[in-house]
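J.: With the hints as constraints, model all of the structure from the sequences given.
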Amino acid sequence: MAHTNKSNWELIKNGMFSENTIFKMAISLCPSIAVTNSLKNGFFMGVAVIFVQTMVNLTVSLIRNFINPKVRIPIFMLIIAGYVSLIDMSMAAFARPVYKQIGLYIQLIVAFASIFARAEVFAVKNKIMPSVADGFGMGVGFFLAMIVISFFRELLGKGALWGVPIVPGHPLLIMILPAGGFFAVGLLMGFFNWMDMKLAARKAAQETTR
Amino acid sequence: MDFGKLFQLIIAASLINNFVFTRFLGLCIFFGVSKKMETAVGMSITFTAVMVISSALSWVVFKYLMIPLQLEFLKIIVFIGIIAAFVQSADTIMKKISPSLYYKLGIYLALITTNCIILAVPLINAGEGYSFIESMAFGLGSGIGFALALVIMASIREKLELADIPAPFRGLPISFIVAGLIALAFTGFSGLITL
Chain A
30 MAHTNKSNWE LIKNGMFSEN TIFKMAISLC PSIAVTNSLK NGFFMGVAVI FVQTMVNLTV
90 SLIRNFINPK VRIPIFMLII AGYVSLIDMS MAAFARPVYK QIGLYIQLIV AFASIFARAE
150 VFAVKNKIMP SVADGFGMGV GFFLAMIVIS FFRELLGKGA LWGVPIVPGH PLLIMILPAG
210 GFFAVGLLMG FFNWMDMKLA ARKAAQETTR
Chain B
990 MDFGKLFQLI IAASLINNFV FTRFLGLCIF FGVSKKMETA VGMSITFTAV MVISSALSWV
1050 VFKYLMIPLQ LEFLKIIVFI GIIAAFVQSA DTIMKKISPS LYYKLGIYLA LITTNCIILA
1110 VPLINAGEGY SFIESMAFGL GSGIGFALAL VIMASIREKL ELADIPAPFR GLPISFIVAG
1170 LIALAFTGFS GLITL
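Protein chains in written order, with my numbering: chain A, 30 to 239; chain B, 990 to 1184.
Where hints are given, some of them may not hold.
[What the hints assert, rightly or not] Taking CB as the label site, the calculated pair distances span: (1) A:Ser47 to B:Ile1145: 26 to 34 Å; (2) A:Ile195 to B:Ile1082: 41 to 49 Å; (3) B:Gln1059 to A:Ile102: 26 to 34 Å; (4) A:Ala121 to B:Thr1176: 26 to 34 Å; (5) A:Ala189 to B:Ser1179: 18 to 26 Å; (6) A:Arg101 to B:Val1030: 26 to 34 Å; (7) A:Ile195 to B:Ile1122: 46 to 54 Å.
[Claimed, not checked] Simulated pairs of lysine-lysine, BS3-like, Cα-Cα distance not exceeding 25 Å: (8) A:Lys53 to A:Lys69; (9) B:Lys1085 to A:Lys99; (10) B:Lys1085 to B:Lys1024; (11) A:Lys99 to B:Lys1084; (12) A:Lys154 to A:Lys42; (13) A:Lys53 to A:Lys227; (14) A:Lys42 to A:Lys227; (15) A:Lys156 to A:Lys42; (16) B:Lys1052 to A:Lys129; (17) A:Lys53 to B:Lys1025; (18) A:Lys35 to A:Lys156; (19) B:Lys1024 to A:Lys53; (20) A:Lys187 to A:Lys42.
FYI, nobody ran anything at the bench for these hints, they're computed from the structure. Quick reminder that beta carbons are idealized off the backbone N, C-alpha and C, glycines included.
T.: Now the structure itself:
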């Protein structure tokens, strides 16, 4: 991807849907299963990623003319690790109960392929505003994926949402077990593929009738 | 040295708390390289070796540099730096010393830096306060666990290629469901050893 001429809104939408990190690109999958056993955990993880992704793209884009391409990988790593430490410590201070559960995964945002990839393929080559829009879109795409997965897992596994019981009776315990996470992501991924196929088929049908 | 405890650590890290199936780390690589048996085996060998060495290195740095200087809060940055530097140098050294091995395993080395297990193990070691030998045992156990997961998955996926799967589920979605089933089997290991 070279210099972009898409509008900022298009960039945000691109990150949210057509290049959704989890369902389309299938990278940064670890937290999509690890922290989605309740809506709350998923929400905080998503917020952390939006922050890191946007700030990393902003920073990389700001200093893009000063980065020597040969040492860009360690530099990106340092920038990402800096922001991750920041969010890690603020969460440890302000959201203690959630941090106890998802702390390890917050720290591991450093190793996210998606953040690194956006810095590498987008932010180093583009101006500040598009980079911020791209980072924000990617972050929101991840956030939405987390919300969708954790919504289904908590509703089915605990019969509750955000810790508030909704469905009485015996829930499907398996959905909050590790295995349920794999099932949920697999089924949702299949569902989105199916939707894409339907949409593509409809578009093709419209074009032939025209 | 208490070998019983070390053995327990290795078993616990590889089977009970298997990184892929109970902690969900390293999934990108797990789904990325498990398409073929050959790549899965190559990745496992490289991964286990890097795992042991990098947990040893980061233990030394954490214990003798960061704790005396009270820099524990920088552990994320320092550990990722150590790992990246080690992987990069291993890459260069391997290219010089044994080109044939490099052509077989070199590509996996580059991929490893994006694996979250490699960062998680030093972080957990530091968090749990393991000793030097224990850290290495934990690294070895994690490596073995990851290798086991990869090999199981690769052998299933090679068969899946020939199966008649509904179109939207081909590729990744069905692999996720298979992984879910294996994870269910791995839940059976819980309670095998209590540490």
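J.: Give a verdict on every hint.
T.: Here is what the structure says about each hint:
no., hint, in the structure
1, A:Ser47 to B:Ile1145: 26 to 34 Å, "holds (30 Å)"
2, A:Ile195 to B:Ile1082: 41 to 49 Å, "violated (57 Å)"
3, B:Gln1059 to A:Ile102: 26 to 34 Å, "holds (29 Å)"
4, A:Ala121 to B:Thr1176: 26 to 34 Å, "holds (30 Å)"
5, A:Ala189 to B:Ser1179: 18 to 26 Å, "holds (24 Å)"
6, A:Arg101 to B:Val1030: 26 to 34 Å, "holds (32 Å)"
7, A:Ile195 to B:Ile1122: 46 to 54 Å, "holds (49 Å)"
8, A:Lys53 to A:Lys69, "holds (24 Å)"
9, B:Lys1085 to A:Lys99, "holds (20 Å)"
10, B:Lys1085 to B:Lys1024, "violated (30 Å)"
11, A:Lys99 to B:Lys1084, "holds (19 Å)"
12, A:Lys154 to A:Lys42, "holds (20 Å)"
13, A:Lys53 to A:Lys227, "holds (16 Å)"
14, A:Lys42 to A:Lys227, "holds (20 Å)"
15, A:Lys156 to A:Lys42, "holds (18 Å)"
16, B:Lys1052 to A:Lys129, "holds (24 Å)"
17, A:Lys53 to B:Lys1025, "holds (22 Å)"
18, A:Lys35 to A:Lys156, "holds (12 Å)"
19, B:Lys1024 to A:Lys53, "holds (18 Å)"
20, A:Lys187 to A:Lys42, "violated (32 Å)"
The structure fails to meet hints 2, 10, 20 from the earlier list, while all remaining hints are met.
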